[in-house]
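Asks: Residue strings, one per chain:
Protein chains: 2
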Amino acid sequence: MAKPLAGLVVLDLTHVLAGPFCSTQLVDLGARVIKIERPGLGDDTRAFPPFLDGESAYFAALNHGKSSIALNLKAADDREIFERLLQRADVVLENYRPGVMERLGYGWDDLHARLPRLIYGAVSGFGHTGPEAGKPAYDMVVQARGGVMSITGETGGPPVRVGASIGDVVAGMYLTQGILAALIARGQSGLGQKVDISMLDAQLAIQEHAIAITGATGVPPGPTGARHPTITPFATYRARDGFVVIAAGNDAIFARLCAALGLDHLPDDPDYATNTARCQRPDLLKRLIETITLTRDVDHWIAVLEHAGVPTGRVQNMAQVLRDPQILSRNMVVTLQTDGDRPAFVAAGNPIKMSDLPDGTTRPPAPRLDQDRQQILDWLDTDATGR
Amino acid sequence: MAKPLAGLVVLDLTHVLAGPFCSTQLVDLGARVIKIERPGLGDDTRAFPPFLDGESAYFAALNHGKSSIALNLKAADDREIFERLLQRADVVLENYRPGVMERLGYGWDDLHARLPRLIYGAVSGFGHTGPEAGKPAYDMVVQARGGVMSITGETGGPPVRVGASIGDVVAGMYLTQGILAALIARGQSGLGQKVDISMLDAQLAIQEHAIAITGATGVPPGPTGARHPTITPFATYRARDGFVVIAAGNDAIFARLCAALGLDHLPDDPDYATNTARCQRPDLLKRLIETITLTRDVDHWIAVLEHAGVPTGRVQNMAQVLRDPQILSRNMVVTLQTDGDRPAFVAAGNPIKMSDLPDGTTRPPAPRLDQDRQQILDWLDTDATGR
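These protein sequences, in sequence, are chains D and U. Heads up: the first sequence at position 2 corresponds to 2 in the UniProt record's numbering, and the numbers run straight through without jumps. Heads up: the second sequence at position 345 corresponds to 345 in the UniProt record's numbering, and the numbers run straight through without jumps.
One or more of the hints may lead you astray.
Stated by the list, open to error - Simulated crosslink set (DSS-like; lysine-lysine; CA at most 27 Å straight-line):
#	chain 1	residue 1	chain 2	residue 2
1	D	K286	U	K135
2	U	K3	U	K74
3	D	K74	D	K135
4	U	K74	D	K135
5	D	K3	U	K3
To be clear, the hints were calculated from the coordinates, so they are not data collected in a lab.
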């Protein structure tokens with residue numbers, strides 16, 4: 001069966017992270033993504049370390065399966081090629097600052113008037129509307145301003161950035177959703193739409209808990225380290241060789257936890273018998289638990305707690321994650337094809353498992369800058385009938 | 001113009017967070033979502049604090065715009081209603097542990113054989129395949145095991161949980177993408193698909209940077225607090241009344257930063273002249289910068305740095321976020337309609353801004369348990385022709 005986006009053509013003018021993250025998802029769903037890069041340097045991330053054989057691992061992880069053509073959209077010859085590409089395109093993606101596409105003559109209003117079926121997706125720091133529409137932003141700026149840093153970190157400590165670039169990545173995911181929704185709408189109306197994603201908006205959208213608490217009480221929550229704010233014990237605890245997650249979501253689990261650790265008296269102690277009581281003294285309880293857990297390794301405690309029916313897990317670094325049998329069994333670590341002489345980069349697999357979507361452990365490589373120019377020009381010369 | 005998912009019927013058997021997060025997105029895109037809850041208690045989150053007039057703010061933020069019917073899928077009468085709902089449904093969503101739907105007689109294979117157009121979306125801790133398919137998981141378990149906690153927190157400090165529940169939320173977002181992709185595929189093939197999302201897979205998918213580094217070097221990255229791992233200065237710095245982000249992405253910006261702070265000698269000092277040199281001594285540079293920034297308030301430094309062309313921003317808590325003019329101008333804070341006598345909860349707006357998708361600042365309320373039973377039964381009695 002054909003992939004969901006088979007036959008769709010995406011012109012991808014985006015660079016760095018949020019936009020390319022979206023267009024990689026569209027590749028995984030079957031779209032043909034043509035990456036349009038500036039001549040000479042291409043996407044900034046081609047210069048991001050680390051490198052293997054002179055190629056950026058970061059660029060590779062974010063751009064596999066796309067084709068590349070270098071175009072200067074201010075030069076007449078290249079603009080002519082871009083015009084011909086537009087005639088074949090279903091979707092255009094860009095992450096310039098608002099106004100740049102308009103100055104090039106390719107703003108949404110112009111394009112929509114000429115190509116009413118074309119879908120236009122934009123992702124920017126603050127969106128295309130509002131008092132700060134024109135400003136640039138970085139991942140950390142929207143993580144800070146959007147509130148997630150205020151709830152991440154140790155209690156009483158300084159704000160901490162989320163280690164993953166969720167300022168960019170979540171925005172890229174919303175762009176993907178918007179493009180898919182616009183494709184569905186076009187199926188009914190025949191008309192394309194503009195999708196306008198703001199990285200700052202996207203940060204707000206993922207914080208349902210903090211919004212609900214602040215909206216109802218007026219008091220914004222703060223950071224709580226690795227501890228659940230309202231359930232105890234529900235945190236990471238030190239074992240001899242690392243950390244183990246213990247998630248005792250109710251009193252019955254807590255009783256099983258205490259039996260497994262040899263803390264049999266605790267469930268009868270009024271200071272620890274209920275979650276409300278335990279939430280009064282999480283640090284004391286942590287010390288009681290770690291007095292036991294520090295005596296043995298993580299593997300030991302995972303086995304003991306799983307046997308006792310206590311939700312648990314390891315805190316893994318990325319090297320451990322990339323060897324995790326469950327993750328590997330789901331094809332979530334993929335290798336880029338080496339194309340003869342190129343390095344075998346790894347990337348995340350497609351987390352969208354669909355019964356009719358092939359899901360292997362290899363992917364085509366990321367393109368070298370402008371490598372598909374001739375093939376794209378040849379394709380433009382072919383008959384477009386049937387599309 | 002009609003919303004993208006207008007006319008689509010979603011039967012939502014999910015509870016707590018990942019599944020309801022997805023179905024709220026489908027509501028925002030125009031779908032009719034019927035929330036099917038267990039009789040008596042309903043969704044667990046109806047009991048999550050804080051409450052206004054006895055209703056959970058958390059439940060409200062995640063379930064606005066849905067209708068509710070309480071069904072016991074083990075009771076014959078209620079199963080008959082569910083069967084009739086299935087005849088009208090485009091999508092079924094569930095987040096039970098793998099196997100539960102099969103034991104109820106509503107597993108994917110059974111449903112697909114009887115209702116080939118039906119799309120089936122599942123989200124679970126570890127997915128429906130692999131050695132640990134049956135195990136439950138919590139947000140913190142997949143944040144820990146999936147690696148994001150290993151790159152979040154202070155350098156050398158204990159692992160820190162991301163304050164937002166990205167273990168659930170990102171999985172819910174991928175479920176949304178899978179459902180939208182399956183709808184597009186159905187438009188071609190006429191057939192529904194199963195979408196199987198694992199919370200653990202989803203964690204891997206958002207860490208392109210850590211995966212690229214680890215895959216290319218074998219060395220997993222660790223946490224770096226609020227500091228960018230490879231650009232300096234690019235972090236939060238203390239001002240008199242809070243923290244300010246300073247993001248000096250290149251030497252020209254660094255020179256402007258130094259001029260603005262009165263540290264004019266630094267760009268000529270070989271210890272600080274290049275990013276490579278600065279990355280050798282981020283703590284010393286932080287002390288030099290904070291000696292200046294601690295003397296004035298955040299507002300002062302935002303104004304000074306913006307004027308100097310240095311990317312900057314505040315670290316806002318959620319109370320500040322909910323008052324932020326740019327966020328408000330984008331309709332990202334919405335109020336739930338009070339329906340006469342109900343509390344006016346707030347929730348995040350829809351971050352997917354589309355040119356033909358209405359985007360207001362109010363939403364219908366979340367349903368009371370089973371409140372729409374009679375209306376749903378009446379609708380089932382109407383003629384289904386035309387769908």
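Asks: State for each hint whether it applies.
Replies: Right, here's what the structure says about each hint:
1. This hinted pair checks out: K286(D) and K135(U) have alpha carbons roughly 25 Å apart, not beyond 27 Å.
2. A hinted pair counts as satisfied when its Cα atoms are at most 27 Å apart, and K3(U) with K74(U) does not qualify at roughly 35 Å.
3. Taking the CA atoms of K74(D) and K135(D), the gap is about 23 Å. The hint holds against a cut of 27 Å.
4. Using a Cα cut-off of 27 Å, the hinted pair K74(U) and K135(D) is violated, with the two alpha carbons roughly 56 Å apart.
5. Pair hint K3(D) plus K3(U) holds up; C-alpha atoms about 24 Å apart against a cutoff of 27 Å.
Violated hints, in rising order: 2 and 4; the structure is consistent with all others.
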